[in-house]
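Enquirer: Sequence:
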Amino acid sequence: SLYQDGKEISRIVFDSLQEKKTIIGTSSTGGSDSDGSGGIELVLTNTGSSFSEIYESDWLFRLGSLKLVPGNSSLLIIASDFSGNESSHEIMINVGNLNQ
Numbered sequence: 211s212l213y214q215d216g217k218e219i220s221r222i223v224f225d226s227l228q229e230k231k232t233i234i235g236t237s238s239t240g241g242s243d244s245d246g247s248g249g250i251e252l253v254l255t256n257t258g259s260s261f262s263e264i265y266e267s268d269w270l271f272r273l274g275s276l277k278l279v280p281g282n283s284s285l286l287i288i289a290s291d292f293s294g295n296e297s298s299h300e301i302m303i304n305v306g307n308l309n310q
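Mind the numbering: the sequence shown is residues 211 to 310 in the numbering used here, read in order.
One thing to keep in mind: the hints can contain errors.
[Stated by the list, open to error] Using C-beta positions, here's what the derived DEER-type ranges look like: (1) 264 x 301: 28 to 38 Å; (2) 223 x 299: 35 to 45 Å; (3) 233 x 282: 43 to 53 Å; (4) 303 x 250: 36 to 46 Å; (5) 307 x 233: 43 to 53 Å; (6) 218 x 266: 18 to 28 Å; (7) 233 x 278: 28 to 38 Å; (8) 264 x 296: 41 to 51 Å; (9) 233 x 298: 31 to 41 Å; (10) 266 x 292: 22 to 32 Å; (11) 227 x 266: 17 to 27 Å; (12) 280 x 230: 35 to 45 Å.
By construction, these hints were calculated from the structure, which means they are not laboratory data. For each residue, glycine too, the CB sits at the ideal point set by N, CA and C.
Please work from the sequences and hints to get the whole structure.
Expert: Dropping the structure here:
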C-alpha cells in the first residue's frame with residue numbers, strides 16, 4: 211500500500227491470477243495465437259491489472275502516481291506477505307515554490 215499524508219492512494223493485492231484473452235497487439239507479454247486471434251495473459255483477479263501495468267522490471271513495480279503541492283508531504287509504503295510479515299518505509303518530501 212502507498213499512503214500520502216496518511217491517506218491510502220494505492221494498493222496492490224497479489225492474491226490470485228486469472229487468464230485473460232487479449233486482442234492482437236494488446237498482450238503485455240507480446241504473445242499471440244498462431245491464427246492471429248490474440249493470446250492469453252495472466253492478470254490480477256481483484257483488479258484485472260496485467261504484468262506490464264504493474265511491473266517496471268522484474269524487481270520494480272508501479273504503485274501509482276502522485277500529485278504534490280508546495281510544502282511538506284509524507285509517503286508511507288507498507289508491504290506484507292501471506293505469513294503476516296510486514297515492512298514499511300516512510301519518505302518525507304519538501305516541494306519548494308518555484309515562484310519565490
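Enquirer: If a hint holds in the structure, say so; if it does not, say that too.
Expert: Hints and how they fare:
no. : hint                  : verdict
1   : 264 x 301: 28 to 38 Å : 20 Å, violated
2   : 223 x 299: 35 to 45 Å : 19 Å, violated
3   : 233 x 282: 43 to 53 Å : 45 Å, holds
4   : 303 x 250: 36 to 46 Å : 40 Å, holds
5   : 307 x 233: 43 to 53 Å : 46 Å, holds
6   : 218 x 266: 18 to 28 Å : 21 Å, holds
7   : 233 x 278: 28 to 38 Å : 36 Å, holds
8   : 264 x 296: 41 to 51 Å : 20 Å, violated
9   : 233 x 298: 31 to 41 Å : 39 Å, holds
10  : 266 x 292: 22 to 32 Å : 23 Å, holds
11  : 227 x 266: 17 to 27 Å : 19 Å, holds
12  : 280 x 230: 35 to 45 Å : 42 Å, holds
Checked against the numbered hints given earlier, the structure breaks hints 1, 2, 8 and satisfies all the rest.
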